[in-house]
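Those sequence lines, one after another, are chains C and A.
In terms of my numbering, the first sequence has 76 at position 76, counting the first letter as 1, and numbering is strictly consecutive.
In terms of my numbering, the second sequence has 82 at position 82, counting the first letter as 1, and numbering is strictly consecutive.
Check each hint, because a few of them may be wrong.
As the list claims (entries may be wrong) - Below, computed lysine-lysine pairings styled on BS3-like, alpha-carbon distance capped at 27 Å: (1) C:LYS38 - A:LYS55; (2) C:LYS41 - A:LYS78; (3) C:LYS22 - C:LYS41; (4) C:LYS40 - A:LYS78; (5) A:LYS115 - C:LYS41; (6) C:LYS40 - A:LYS73; (7) A:LYS115 - C:LYS40; (8) C:LYS40 - C:LYS22.
Unchecked claim - In silico contact screen, one side only, chain A against chain C (beta carbon under 7 Å); selected entries: (9) TYR33; (10) MET45; (11) ARG50.
To be verified - Label pairs and their computed distance ranges (CB to CB): (12) C:ASN57 - A:GLN108: 20 to 28 Å; (13) C:GLU84 - A:ASP26: 27 to 35 Å; (14) C:ARG63 - A:ALA71: 40 to 48 Å; (15) C:GLU58 - A:ASP26: 14 to 22 Å; (16) C:GLU52 - A:GLN14: 45 to 53 Å; (17) A:GLN57 - C:HIS79: 48 to 56 Å; (18) C:HIS79 - A:GLN113: 33 to 41 Å; (19) A:GLN83 - C:VAL12: 28 to 36 Å; (20) A:GLY99 - C:LYS38: 21 to 29 Å; (21) C:SER62 - A:TRP97: 41 to 49 Å.
Please keep in mind that the hints were generated in silico from the structure rather than gathered at the bench.
All C-beta atoms, glycine included, are put in the ideal place defined by N, C-alpha and C.
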Amino acid sequence: DTEVTQTPKHLVMGMTNKKSLKCEQHMGHRAMYWYKQKAKKPPELMFVYSYEKLSINESVPSRFSPECPNSSLLNLHLHALQPEDSALYLCASSQLTLGTGNTEAFFGQGTRLTVV
Amino acid sequence: AQTVTQSQPEMSVQEAETVTLSCTYDTSESDYYLFWYKQPPSRQMILVIRQEAYKQQNATENRFSVNFQKAAKSFSLKISDSQLGDAAMYFCAYRSWSGNTGKLIFGQGTTLQVKP
Numbered sequence: 001d002t003e004v005t006q007t008p009k010h011l012v013m014g015m016t017n018k019k020s021l022k023c024e025q026h027m028g029h030r031a032m033y034w035y036k037q038k039a040k041k042p043p044e045l046m047f048v049y050s051y052e053k054l055s056i057n058e059s060v061p062s063r064f065s066p067e068c069p070n071s072s073l074l075n076l077h078l079h080a081l082q083p084e085d086s087a088l089y090l091c092a093s094s095q096l097t098l099g100t101g102n103t104e105a106f107f108g109q110g111t112r113l114t115v116v
Numbered sequence: 001a002q003t004v005t006q007s008q009p010e011m012s013v014q015e016a017e018t019v020t021l022s023c024t025y026d027t028s029e030s031d032y033y034l035f036w037y038k039q040p041p042s043r044q045m046i047l048v049i050r051q052e053a054y055k056q057q058n059a060t061e062n063r064f065s066v067n068f069q070k071a072a073k074s075f076s077l078k079i080s081d082s083q084l085g086d087a088a089m090y091f092c093a094y095r096s097w098s099g100n101t102g103k104l105i106f107g108q109g110t111t112l113q114v115k116p
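Work out the full structure: start from the sequences and follow the hints.
Next up, the structure:
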């Protein structure tokens, strides 16, 4: 199984709503990532979890709250978002043990988020 | 800090012909990994090809090959016998050998159009 599964695929939420994005992988990867991507731009790193601990927070506003309940799951909790937060949110995972030949990140299909 | 530069925002190629996408990077590290990812309109990021910096031999995957010039810090992607399904945005990405996050640094991307 070389898949990263993200749900939901599409999400429309109001600025006062609370919602969560979910991500799951069963490849035994010990690093998981959240990226935000605007149209025609590269993904921007938001958070990195290494061994289920938050290792990078790229100065993301507190209205985005990540959670890593276990080594297979990654959530992104959303609250009081702004219209400019509308984007594609990508989850990815990768191995942390280098030299194994499998050093690439695997990406999910993303959640298209629209904030109204 | 490492940076990745893709200087061609858009490229086009005739079906069945060959096209080369450019990527340069800047790093002070001697060991690292380089990747080309493809992102079609379906939006999932898919690995096209990887290159380990310690390997002198250029990586190939079927119709895709790279020209890796370590001294020049250049990593171009050649697509041979282009197909309509190759139309996508292509991102060059860098991963450090060291560190415990597996963080990817992306270039700005090149949109490839394939003309029938």
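These are the hints, each one checked on the structure:
1. Distance hint between C:LYS38 and A:LYS55 is unfulfilled; the C-alpha atoms sit about 34 Å from each other, more than 27 Å.
2. Between C:LYS41 and A:LYS78 the alpha-carbon distance is near 22 Å, which keeps this suggested pair within the 27 Å criterion.
3. At most 27 Å may separate the alpha-carbon atoms for a hinted pair to count; C:LYS22 and C:LYS41 meet this at roughly 23 Å.
4. Using a Cα cut-off of 27 Å, the hinted pair C:LYS40 and A:LYS78 holds, with the two alpha carbons roughly 21 Å apart.
5. Only pairs whose Cα atoms come within 27 Å are accepted, and A:LYS115 paired with C:LYS41 is accepted, the gap being roughly 23 Å.
6. Of the supplied pair hints, the one linking C:LYS40 and A:LYS73 holds, its CA atoms being roughly 25 Å apart against a limit of 27 Å.
7. Restraint check for A:LYS115 and C:LYS40: satisfied, since their Cα atoms lie roughly 20 Å apart, inside the 27 Å limit.
8. Of the supplied pair hints, the one linking C:LYS40 and C:LYS22 holds, its CA atoms being roughly 24 Å apart against a limit of 27 Å.
9. Look at A:TYR33: its Cβ gets to within about 5 Å of chain C, closer than 7 Å, so that hint holds up.
10. Hint status for A:MET45: holds, given a least beta-carbon distance of 4 Å to chain C, under 7 Å.
11. Interface hint status for A:ARG50: upheld, as the beta-carbon distance to the closest one in chain C is roughly 6 Å, under 7 Å.
12. Between C:ASN57 and A:GLN108 the Cβ separation comes to about 23 Å, which falls inside the hinted range of 20 to 28 Å.
13. For the pair C:GLU84 and A:ASP26, the supplied restraint of 27 to 35 Å holds, since their beta-carbon distance comes to about 30 Å.
14. At roughly 45 Å, the beta carbons of C:ARG63 and A:ALA71 sit within the given window of 40 to 48 Å.
15. At about 20 Å, the CB distance of C:GLU58 to A:ASP26 agrees with the hint of 14 to 22 Å.
16. The hinted range of 45 to 53 Å is satisfied by C:GLU52 and A:GLN14, whose Cβ atoms lie roughly 49 Å apart.
17. Distance hint for A:GLN57 and C:HIS79: a CB-CB separation of about 50 Å, consistent with the stated range 48 to 56 Å.
18. Roughly 40 Å separates the CB atoms of C:HIS79 and A:GLN113, a value that falls within the hinted 33 to 41 Å.
19. Judged by the Cβ atoms, the range 28 to 36 Å given for A:GLN83 and C:VAL12 holds: they are separated by roughly 35 Å.
20. Distance hint for A:GLY99 and C:LYS38: a CB-CB separation of about 26 Å, consistent with the stated range 21 to 29 Å.
21. Range check, C:SER62 to A:TRP97: about 33 Å between beta-carbon atoms, so the 41 to 49 Å window is missed.
When held up to the earlier numbered hints, the structure conflicts with 1 and 21 and fits the remainder.
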